[in-house]
Structures are given as structure tokens and as C-alpha cells.
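K.L.:
Listed below, chain by chain, are the residues.
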Amino acid sequence: MGQIETFYDVMRRQGITRRSFMKYCSLTAAALGLGPAFVPKIAHAMETKPRTPVIWVHGLECTCCSESFIRSAHPLAKDVVLSMISLDYDDTLMAAAGHAAEAAFEETIQKYKGNYILAVEGNPPMNEDGMYCITGGKPFVEKLRHAAKDAKAIISWGACASYGCVQAAAPNPTRATPVHKVILDKPIIKVPGCPPIAEVMTGVITYMLTFDRFPELDRQGRPAMFYGQRIHDKCYRRPHFDAGQFVEHWDDENARKGYCLYKMGCKGPTTYNACSTVRWNEGVSFPIQSGHGCIGCSEDGFWDQGSFYDRLTNIKQFGIEATADKIGMTAAGAVGGAVAVHAAISALKRAQKKTEEA
Amino acid sequence: MSDKIFHPARESHEIFKASRLTGDATLEDLDSIRKRTSVYVYEAPVRLWHWINAACITVLIVTGYFIGRPLPSMQIAEAYDQFVMGYIRFAHFAAAQVLTVGFFGRIYWAFMGNHHAKQMFYIPLFNRRFWHELIFELRWYFFLEREPKKYVGHNPLAQIAMFFFMTLGLTFMLITGWALYAEGAGQGSLPDMAMGWVLGLVQNSQRLHTLHHLGMWAIVVFMIIHIYAAIREDIMSRQSMVSTMISGHRTFKDDRVE
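Residue numbers (my numbering), protein chains in the order written: chain A, 1 to 358; chain B, 1001 to 1258.
Hints were generated in silico from the structure; no laboratory data involved. Cβ coordinates follow ideal geometry from the N, Cα and C atoms, glycine included. Incorrect hints may appear among the rest.
[Said to hold, decoys possible] Simulated pairs of lysine-lysine, BS3-like, Cα-Cα distance not exceeding 30 Å:
1) B:Lys1017 - A:Lys349
2) B:Lys1253 - A:Lys354
3) A:Lys23 - A:Lys354
[As the list claims (entries may be wrong)] Some chain A residues well away from chain B (every beta-carbon gap over 10 Å; in silico):
4) Pro36
5) Lys41
6) Tyr163
7) Gln229
8) Arg256
9) Lys263
10) Thr271
11) Lys353
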């Protein structure tokens, strides 16, 4: 085996000028929240480090993560990242198919034992020995375990791999299970979202390749730089929230004025993501800017938090669907009624006793 | 013998068994009941805490309800000049901070104060007589007993309610509340370092909001029962109730034993 090319070699081979390369390094540093001093460090790392091999596997998922990834806003970032990560296996993107693809999979694992990054899109269903998701003639969970065994680290792409997403929503018939509950002995970074923002995905990969480690993670194992704050914390409609100015109906005057969507069930206040800063589609917009509340797609179990259009969650544990307010008011009403009846009986008993004593 | 003004036929520990054996009344209390028919139960810090706590909880319930279900949208001024939701949230957070300090102060007083200051922090699980008296008190509330017994501190039923709704209930609300506050304060902030782990445990902030919201209703239910029972017992029981939380003295209406 010859020496693996560096990132810089690949970029130059793709006809990217040094000027563009330096621009890319500056952009990446800014996107990752690093100071200007890190630009030469990124450049140096890219000029000297061999490309990191990546195996990208797909379990139960809809491929929206891949769709998002290949639409990264900065075209240079997309090209560079796609070529620099040496994507040795990705059954959706690769040209090979069938036995040839599976051979490439095995070959990559053998060749880069302990050095490759395993990117997982989707999750394995565990019921019926994993038979609900078959890839290459085998249950996906077996393929995942096999690939994870010699991986250096694992990236859980999207809500599926991170938390389970729609296929894990109650009652979760296939027992779809997030990656970190199946693979217990490898470092895992979660990049949740349905899908995650493209720039967040490329940003995470670039950071890992440049610094050879995970970026700083929060308690849930997500990169803190992108998931450190709620959408609500940086929302451009936040002043309307603080003022108490809300959209009351989808077609009212307040909706036209761009008031806060809190009452329409916006999950911005409970969702950690970078949508309100990085935005989508080359920074054009994001759900709230388009007049629709956030649905909280990057949160654990977001399908089971009631309707996307209610502020308060419907709680099904009480038999019938009811919000906390309905349950509380019913309980308070019942107790209040009981108290009133009890007070009436107490008064009667007391009167009775007095007559007896008299 | 002659120098004693008061000479009981039976010693204090032989009578008032219900009150003494439920783990509350001390022997001195029992003597006091016989002699003065009034016991100093709630010391000033306990009373002060009770009323500050009550005021905070009232503010927290009203503002908390309007945070979950905001007032109708209003247009008083431009958004930069209007702070309706902001003030509601401010009142909620301010009251919560007072309540937190008060609760820690109350725990401190459980150690420093008198015997009764400890009562709401535990249930005498292994005291057989306690459970027996609990059933008696339940029978009193179901109109199956003609007359209640005398209690210096909380009766067994009240002690259980206090323990679950205040000691555990307030702890639950403080933990979930500070975990929610930590989200806004940001990662690495003091509230986050203290309580951020809760969000990690619950995983989803929406779920955490719902839990906090349900907790509020539990406290509303407690308030209804608490106020009703206090007033009812003040009228129907053999001892003072409402005034005790103002003066600290529990006065007894009769000198009969049990």
C-alpha cells in the first residue's frame, strides 16, 4: 500500500487553488467557533495528515441525512469533505453494488483496522433478531456490530442513529434502537436532527479530521458548539415572545407580522440545534422564519411529545389524551368538589351533634 | 408533696398515648398540655417560612400557568418596548429563588429548631402506633369517629401529606425548575453545573416541562386540601389550627384525655 494522500493533495488534485484552500480553512474555523489563530493549524493539519477513511452504513432510515450532507451550503466544503474523508464505503453514494460493494466494505475494515471512522445513518431494529432491516443479506445490527468492532470512533448521524426517531416512536414495533444502546464500547458523537443541518455535519467531520478528536460534547454526547443552545435562545422572533406577542391562528394578523409561534406549538424553547443561527439551504431560512413552528426534530423522542401544534404535551399515560392542564384541572376540580361535599357533611354532622348535646 | 400545686394521678407518659407514640409529642409537651393547654409548636422561623413559602407558591402557580399557557397576544407597544411575557417569567424566577433560599433555610431549621420543626421531613415508617393512628384519623375524616384526638404537631395524616407534597413535592419542583432555568442560563453556568444533569436524565426538555407542569397541579391539589383541612380542624377539632401558624401556639379546647 502506498502512502495515503493528504487532504491538501486531494484538493489540489481537484483543481482547488491555494487561495481557495485558505478560504476554506478560515470558513471552517469560523463555523467551528475557533479564533483566527486556528486557521494555520487547520491548514497545517490538512497539508500533512493522511485522509481518514470513513465507512458510512445505513440502517432503518430515510436517507435524509445523506441528502442534507451532499447539499452543504458551501460547495467547497461539500467537495472537500466528500473527497477528503476518503469515503471508502457508503452503500447509497458509492458506484459499486452487490458483492463488489460488500467486498469493499470488508476490505476497508481489514485495511484500516482501528483507524477508520464509522458513520451510522439510521438505527438497527432489535426485534426478531434484527430481521426488520436486512442489508447485504444480513440483519443490519450484525453489520453494525461488525463494522463497529474495529472502528476508531462512531458518528451517529441524525435523529435515527442518535435517538431512534419515528421508527422508535411508541409503540416501537420493531424495537428500533439508537446506536449508543447497541455499541457500548466505542466513543460515539451524536449529530441529531431530521436531518441534521448540512454545515453542522461537515463541520463535525472537519473538526474530527483536523484535530483528531471529538469536538467538545454536551451531556447528551452532541457537539456543544452546535447543540449548546436552544433554537429559542437565538430566535429572531424572541423579542415577540418576551413582549407577549403571539400568533393565535395560522392566518391571523399576528402571523403576517411575524410574531412568536409559541402558542402554535413551536418547540424552539425545548430544542437544541443551530437552526436559528446557521439556518438551512445556504442560510436562506429555517422553519420559524418560514412561519411554521419548530417541531423539535433534533430532540430525543420528539415523535412522542404530543402534537407539533400544541404548546402543552398530550400525556397518554392517563388513558385518554390530555394535557398537563386538563389533568391538573380535573384533579383540582375533583378534589375541590370533594372538599365542598366534605365541608357540607361536616357542617351537618356538627349541627347534629350540637342538637344532641343540647 | 405539698409544694406541688399540680399532682396528677397518672404520669404524663401514661396518658396521651396516641400523641406521644406517633413520634411527635415530647414528655414536656404532654406536661404542658395538662397544665397550660397550650404548647409553643411553631417557632418564628417556621412561621415566617410558611407564609413566605405560601406567597411564593401562589406567585409561582399563577405565573407558571401563564408561561405554559400565555395571556392573549397584546399590542401595547412595539416589541422592544413591551415586556409582558418577560415580566411574568421574571416574577416566576424571582419567586423561585426566594422559595429555594427559604426551603434550604427550613431544612437548616429542622436541625436547629425544636422537635416539631423536624416533623414534615420524615414519616415514622416503623412505628406501628403511627399507622394505627393514621387509620383513626382517616376514620375521623370519613365521619366514622365522633371526636378527633389531640395532636401537638401534625396529625399522622397531615404529616404524610406534608412529607409527600411539601418535602418531596417542593424538592421535585426545585430540581425540575432549576433544570429548566439552567437551560436558559446556558451550559457551564452555575445552575447548569448544579442541575443540568436532570435534562441529561430526562433527555427531552419538552418532557421536563411537562413533568414540572404536572408538579404544579399536584401542589394546587395540596393547597386546596391543606387550606380546607386547616380551617375545618380549626373549627371541629380540639385544638387551634390557623392561629397556630400565626402565633406559634397550639391551644387546646378541652382538658379531657384522649
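K.L.:
Determine for every hint whether it applies to the structure shown.
P.N.:
Okay, the hints, checked on the actual structure:
1. B:Lys1017 - A:Lys349: With Cα atoms ~27 Å apart, Lys1017 of chain B and Lys349 of chain A stay inside 30 Å; holds.
2. B:Lys1253 - A:Lys354: 16 Å, holds
3. A:Lys23 - A:Lys354: 93 Å, violated
4. Pro36: 23 Å, holds
5. Lys41: 24 Å, holds
6. Tyr163: 8 Å, violated
7. Gln229: 7 Å, violated
8. Arg256: Arg256 of chain A is indeed farther than 10 Å from all Cβ atoms of chain B, at 13 Å.
9. Lys263: 6 Å, violated
10. Thr271: 7 Å, violated
11. Lys353: 8 Å, violated
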